[in-house]
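Novice: Protein chains in written order, with this note's numbering: chain W, 1 to 115; chain B, 1 to 113.
These are calculated hints, taken from the structure and not from any lab test. You may find that some hints are simply not true.
[Said to hold, decoys possible] Straight-line Cα separation of at most 30 Å, DSBU-like style, residue types lysine-lysine; simulated pairs:
1. B:K5 <-> W:K44
2. B:K37 <-> B:K5
3. B:K37 <-> W:K44
4. W:K97 <-> B:K37
5. W:K27 <-> B:K56
6. W:K44 <-> W:K97
7. W:K44 <-> B:K71
8. W:K97 <-> B:K112
9. B:K37 <-> B:K68
10. B:K68 <-> W:K44
11. W:K44 <-> B:K56
12. W:K27 <-> B:K5
13. W:K97 <-> W:K27
14. B:K54 <-> W:K44
15. B:K37 <-> W:K51
16. W:K62 <-> B:K56
What you are looking at is a predicted structure, and each value in this text was computed from that prediction instead of being measured.
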Amino acid sequence: NAGVMQNPRHLVRRRGQEARLRCSPMKGHSHVYWYRQLPEEGLKFMVYLQKENIIDESGMPKERFSAEFPKEGPSILRIQQVVRGDSAAYFCASSRKSSGANVLTFGAGSRLTVL
Amino acid sequence: DQQVKQNSPSLSVQEGRISILNCDYTNSMFDYFLWYKKYPAEGPTFLISISSIKDKNEDGRFTVFLNKSAKHLSLHIVPSQPGDSAVYFCAASVDNAGNMLTFGGGTRLMVKP
């Protein structure tokens, strides 16, 4: 009974490259949330998706960032033309439906380092 | 503008004693508060929560207190155990919505044997 799986766990990119982070929700979960943790800060909400739908992207930077959760396969957070300020830990959480915050299950995170 | 603040980046206590972790918030729209625990290389794990209609919620060794007038909440762990050593995040939400969580910066708790 695997939990929320994120990969890669660590990703190093040079400025200007693209970063793709993947999140496979828990079995039976159809709702995915992405949060970002900058160094020395708490987690900040980025985007909330259901299968094939973006429900809330109010926390997502307007440029270079995009997210999807296709009918088949994992949710993907894509960062184009990365900059040093994108270096952070990116956490994915999932839930069975539009659930309370107390039933979100978080993955172990993907740590992005931009050189 | 940090809406949820944890002013103590770290806390060290002796095993068996009480650990008190504090959290302050500014947004009066928050009506649901949560504590998460995070070990290194793992994601945050939900620990305990409290609705704004209550001022206390207890679950085993963990108790959360909410003071709405002061916009302050605290997590008490008693007795503290070495396995409690982790980073604790306070979070606040509107309507307990998963996409509306605002986290504090975390407090690293170290429980010494």
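Novice: Starting from K97 of chain W, check that the Cα of K112 of chain B is at most 30 Å away, please.
Specialist: Violated, at about 40 Å.
Novice: Compare the distance between the alpha carbons of K44 of chain W and K97 of chain W with 30 Å, and conclude whether the hinted pair is satisfied.
Specialist: 21 Å, holds
Novice: Under the criterion that the straight-line Cα-Cα distance not exceed 30 Å, is the pair K44 of chain W, K71 of chain B satisfied?
Specialist: 20 Å, holds
Novice: Would you mind confirming whether the straight-line C-alpha gap from K5 of chain B to K44 of chain W stays at or under 30 Å?
Specialist: This hinted pair holds, its Cα atoms lying about 13 Å apart.
Novice: Does K54 of chain B pair with K44 of chain W here, judged by a C-alpha cut-off of 30 Å?
Specialist: 26 Å, holds
Novice: Checking one constraint from the list: CA of K37 of chain B to CA of K68 of chain B, max 30 Å. Satisfied?
Specialist: 23 Å, holds
Novice: Given the hint that K97 of chain W pairs with K27 of chain W, test it: the Cα-Cα distance must not exceed 30 Å.
Specialist: 12 Å, holds
Novice: Does the alpha-carbon distance linking K68 of chain B and K44 of chain W stay inside the 30 Å limit?
Specialist: Roughly 23 Å between the alpha carbons, so the hint for K68 of chain B and K44 of chain W holds.
Novice: Holds or violated: K27 of chain W with K56 of chain B, Cα cutoff 30 Å?
Specialist: Judged against 30 Å, a Cα distance of about 34 Å means the pair is violated.
Novice: For the pair supplied as a hint, K97 of chain W and K37 of chain B, is the alpha-carbon distance within the 30 Å limit?
Specialist: 23 Å, holds
Novice: With a cut-off of 30 Å on the C-alpha distance, tell me whether K37 of chain B and K51 of chain W pass.
Specialist: This hinted pair holds, its Cα atoms lying about 28 Å apart.
Novice: Are the Cα positions of K62 of chain W and K56 of chain B separated by 30 Å at most?
Specialist: Given that 30 Å is the threshold and the Cα spacing comes to 40 Å, the pair is violated.
The earlier numbered hints that this structure contradicts are 5, 8, 12, 16.
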